[in-house]
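**Student:** Here are the chains, one letter per residue:
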Amino acid sequence: NAGVTQTPKFRVLKTGQSMTLLCAQDMNHEYMYWYRQDPGMGLRLIHYSVGEGTTAKGEVPDGYNVSRLKKQNFLLGLESAAPSQTSVYFCASSSPGTGELEKLFFGSGTQLSVL
Amino acid sequence: GENVEQHPSTLSVQEGDSAVIKCTYSDSASNYFPWYKQELGKRPQLIIDIRSNVGEKKDQRIAVTLNKTAKHFSLHITETQPEDSAVYFCAASLSGGYNKLIFGAGTRLAVHP
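As you go down the protein sequences, you meet chains Z and S in turn.
Here this note's numbering is used: the first residue of the first sequence is 905, the next is one more, and so on.
Here this note's numbering is used: the first residue of the second sequence is 437, the next is one more, and so on.
Treat the hints with caution; some may be incorrect.
Which residues of chain S face chain Z? A few of them, derived with a C-beta cut under 8 Å, are [unchecked claim]: (1) A465; (2) Y468; (3) L482; (4) I483; (5) K507; (6) Y534.
Note that these hints are calculated values from the structure, not bench results.
We put the beta carbon where it would ideally sit given N, CA and C, even for glycine.
Go ahead and model the full structure; you've got the sequences and the hints to work with.
**Tutor:** This is the structure in structure tokens:
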């Protein structure tokens, strides 16, 4: 049981390049999320998905796109990377309900630098 | 928009002392308040959480209190140990459901032997 797995762990891009971050979870969770973490700002929600084939915008969605073609995978895309997107990206998952179900489980993060 | 304010941003204590971190939230619909611990270079890990129908919850050396009227909640760590050194984040659930969270900016706790 791997939990939430993110790839890649590190990436350096040039301004204008594109890339896709992959998140995979094996806990059969309905909900998945992408957060970015910047120094002094905590974690901010970029996009989220409440089920296969669905996506929705979070607090800071501009410049990102997402897709959830399979329940276990949630992809985050940067079509034209900008230096302001230099950050650590965390994927998380959870389930509907309360108690143990509502707890978010995080992946190990992707450190992205845009030069 | 909704926000969560967290204080202090840094906290330095001696081993064995207590540490208290405080958060204030703005969304009156928030009903779930988790705390995460993040060690350097690692993922955030849930350490304790509380729902709005409970005023206090304790788990060994850590406890969380919630004052829903004042919209603030606090993390208390007693008998601190060097391994408690980390960044701690409070969070509050966002209205609209789906377990979305809004996070505070974090508190860097240093426990000195």
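**Student:** Against each hint, give a clear statement of whether it holds in the structure.
**Tutor:** Tested hints:
Proximity of A465 of chain S to chain Z is violated relative to the hint, the smallest CB-CB distance being about 15 Å (cut-off 8 Å). The criterion of a C-beta within 8 Å of any C-beta in chain Z is met by Y468 of chain S, whose closest approach is roughly 6 Å, and the hint holds. Nearest Cβ of chain Z to the Cβ of L482 of chain S: about 6 Å, under the 8 Å cut. The hint holds. The beta carbon of I483 of chain S is not positioned within 8 Å of any beta carbon in chain Z (closest approach about 11 Å), and the interface hint is therefore violated.
Evaluation of the K507 of chain S hint against chain Z yields a violated restraint, the C-beta minimum of about 17 Å exceeding 8 Å. Given hint, Y534 of chain S at the interface with chain Z, holds; its Cβ is 5 Å from that chain's nearest Cβ, closer than 8 Å.
The structure shown violates the earlier hints numbered 1, 4, 5.
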